[in-house]
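Now for the letters of each chain:
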Amino acid sequence: MSKFPVPDDSCEYFDQEHETMTREQIEALQVERLRDTIKRCQKNPVYKKRLAEADITPESIQTVADVRKLPFTTKQDLRENYPFGLACVPLRDCVRLHSSSGTTGNPTVILHTQNDLDEWANQVARNLWMIGLRPSDVFQNSSGYGMFTGGLGFQYGAERLGMLTVPAAAGNSLRQIKFMKDFGTTAVHAVPSYVTRLYEVMQETGVDPRKDLKLKALAIGAEPHSEAQRQRIEQMLGVKAYNSFGMSEMCGPGVGFECKEQNGLHFWEDYYIVEIVNPDTLEPVPDGEIGELVLTSICREAMPLLRYRTRDLTRVLGRTCACGRNHIRLDRMKGRSDDMMVLRGVNIFPIQIEKILMNFKELASNYLITLTTDDDNDNMTVEVELEELFTDDYGRLQELKREVTRQLKDEILLTPIVKLVPKGTLPVSEGKAVRVVDKRKVYQ
Amino acid sequence: MTIRQISVFIDDKAGSLVRVLDVLKEEGHQIITSTLTDSPEFAIYRVLCTDPDKAYESLHKAGFNVMMPDVFALVVDDEPGMAARAIGVIAEEGISVRYMYSFLLGGKGILVLRTHQTNKAQEVITLAKLKQASESELKSLMEQSI
Numbered sequence: 001m002s003k004f005p006v007p008d009d010s011c012e013y014f015d016q017e018h019e020t021m022t023r024e025q026i027e028a029l030q031v032e033r034l035r036d037t038i039k040r041c042q043k044n045p046v047y048k049k050r051l052a053e054a055d056i057t058p059e060s061i062q063t064v065a066d067v068r069k070l071p072f073t074t075k076q077d078l079r080e081n082y083p084f085g086l087a088c089v090p091l092r093d094c095v096r097l098h099s100s101s102g103t104t105g106n107p108t109v110i111l112h113t114q115n116d117l118d119e120w121a122n123q124v125a126r127n128l129w130m131i132g133l134r135p136s137d138v139f140q141n142s143s144g145y146g147m148f149t150g151g152l153g154f155q156y157g158a159e160r161l162g163m164l165t166v167p168a169a170a171g172n173s174l175r176q177i178k179f180m181k182d183f184g185t186t187a188v189h190a191v192p193s194y195v196t197r198l199y200e201v202m203q204e205t206g207v208d209p210r211k212d213l214k215l216k217a218l219a220i221g222a223e224p225h226s227e228a229q230r231q232r233i234e235q236m237l238g239v240k241a242y243n244s245f246g247m248s249e250m251c252g253p254g255v256g257f258e259c260k261e262q263n264g265l266h267f268w269e270d271y272y273i274v275e276i277v278n279p280d281t282l283e284p285v286p287d288g289e290i291g292e293l294v295l296t297s298i299c300r301e302a303m304p305l306l307r308y309r310t311r312d313l314t315r316v317l318g319r320t321c322a323c324g325r326n327h328i329r330l331d332r333m334k335g336r337s338d339d340m341m342v343l344r345g346v347n348i349f350p351i352q353i354e355k356i357l358m359n360f361k362e363l364a365s366n367y368l369i370t371l372t373t374d375d376d377n378d379n380m381t382v383e384v385e386l387e388e389l390f391t392d393d394y395g396r397l398q399e400l401k402r403e404v405t406r407q408l409k410d411e412i413l414l415t416p417i418v419k420l421v422p423k424g425t426l427p428v429s430e431g432k433a434v435r436v437v438d439k440r441k442v443y444q
Numbered sequence: 001m002t003i004r005q006i007s008v009f010i011d012d013k014a015g016s017l018v019r020v021l022d023v024l025k026e027e028g029h030q031i032i033t034s035t036l037t038d039s040p041e042f043a044i045y046r047v048l049c050t051d052p053d054k055a056y057e058s059l060h061k062a063g064f065n066v067m068m069p070d071v072f073a074l075v076v077d078d079e080p081g082m083a084a085r086a087i088g089v090i091a092e093e094g095i096s097v098r099y100m101y102s103f104l105l106g107g108k109g110i111l112v113l114r115t116h117q118t119n120k121a122q123e124v125i126t127l128a129k130l131k132q133a134s135e136s137e138l139k140s141l142m143e144q145s146i
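Sequence order for the protein chains is A and B. Per our numbering, residue 1 is the first one in the first sequence, and the count goes up by one each step. Per our numbering, residue 1 is the first one in the second sequence, and the count goes up by one each step.
If we strip away everything but chain A, and leave its shape as in the complex, we get (with noise of 0.2 Å):
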């Protein structure tokens, strides 16, 4: 099943029977293939003992409803079993990992078999497909390789498509635009920042996209990004641009995906069992409302998921589409459960800046972070308030805000705009400090 052949141009569908299936069809499959993620989670022994405690065996699933019977997992059970204790199969069944970078902790590492990557290739090709792409199109991944998902993530998926696939990897933008020029490169893929920085240095070297390039799509994701933010990146590049979804935890990007009516995520649902549930109660919302995004992973054999807790929130839009796909519609991602922050695709936690402000005695403990969107770029200010005044000279106090936002650097890879402000400045409220101000106007 993983390698059917690619099917004609004309076709709407890169895998018809899966994308089109009614939802009854849908439905069937995902109690069928529940039941066998039962069955191989059975086999490692941290699922065992959690399926047995609920009482869970694949007969407890009769209808797509009983996932809610099944625990939740977390990021935290990855870390706790960090690297490979949630692994369902021997290691030398495992030919990838990917792994997050760690920064708040231990790091999650991911483990895929090799039907577990071209499953992952599958849905991307099928995402690639239904926003028009064909063999002969040239697709540029300006995405970060390596550990990161969305670069292998979008190179085999192409591939499996059967485009010709640059993998151009991010940064040095005066080389990606000469080989979206000399390469004919009809479709590219980056961070929503990232583009907007290829159209600045596009529009300084003098090169009209519009005239210059043979641009037909782009598929932007990994960072959250405003409806308004892609109508601008629209206009400047004169195509259109999908919102793309994906986490390393499911297989990384491909997991959702817009298709040509613009009007939300495609979730698939022969991979996935798609939750909304209230962060607090953990009780399922109805459709329209907003919630955090729960995911079960029912074609994986590395490591499936049961019922992970993405802290993504979002709300279900439909289940059916113009497109003809019956697959889960859901609304972009609305913000965080929990604390993170996605700055230029970084992932960042409050408690990695708090760390490194610890180290310095002349600091106090009351910080203050601001997003803002500034010329379409992220940008980040931590504010933070001086314990006791150490010195009265100007430059010392200069020299410690610059060993300040270097430390900073080192440990979030972004350069914040660091400010020290005096003791009792910063906005305390009900005693609990409020820690990070999201003025981006990526969620709307």
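These are computed hints drawn from the structure, not numbers from a lab. Possibly wrong hints are sitting among the right ones.
Part of the chain B face toward chain A, derived, beta carbon under 8 Å [stated by the list, open to error]: (1) Asp11; (2) Asn65; (3) Ser145.
As the structure is a prediction and not an experimental result, all values here were calculated from the model. Beta carbons are placed, not taken as given, at the ideal position from N, Cα and C, and that holds for glycine.
Fit chain B to the given chain A structure using the hints.
Chain B alone, transformed into the frame defined by chain A:
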């Protein structure tokens, strides 16, 4: 002999300086002189008060980032070139001045300066027989001039 100055860390938001001045006013402190330079984001407001201990206490209690560094107060005649001579003596010994401000009090020029190497600077000042004002001298000059 040095005198104690009050240094307060303030940000560039409107009203920051007023908050400091309000505390000094409410607690009845007398300002001899003060200085604030235009620096981006944050600034240090430096002030000489007739009773630095109490002024420090008031500002500290009010929650300000405040410190009380030792500075030199040189007394020079109110004539051209006197400041240049005083600073020149210190510079010749390779001691750099971190900041300086000056004002007139009772017909005398007062140069307030903070240097690197405070001990060495004191030796140089003593050797060159530069006249220094004590806190009590400043206070009485202040009272005379009112």
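Structure-based check of each hint:
1. Asp11: Since the shortest Cβ distance to chain A is 5 Å, the answer is holds.
2. Asn65: At about 4 Å, which falls below the 8 Å cut-off, the nearest Cβ of chain A leaves the hint on Asn65 (chain B) intact, so it holds.
3. Ser145: 26 Å, violated
In this structure, only the earlier hint numbered 3 is contradicted, and the remaining ones agree with it.
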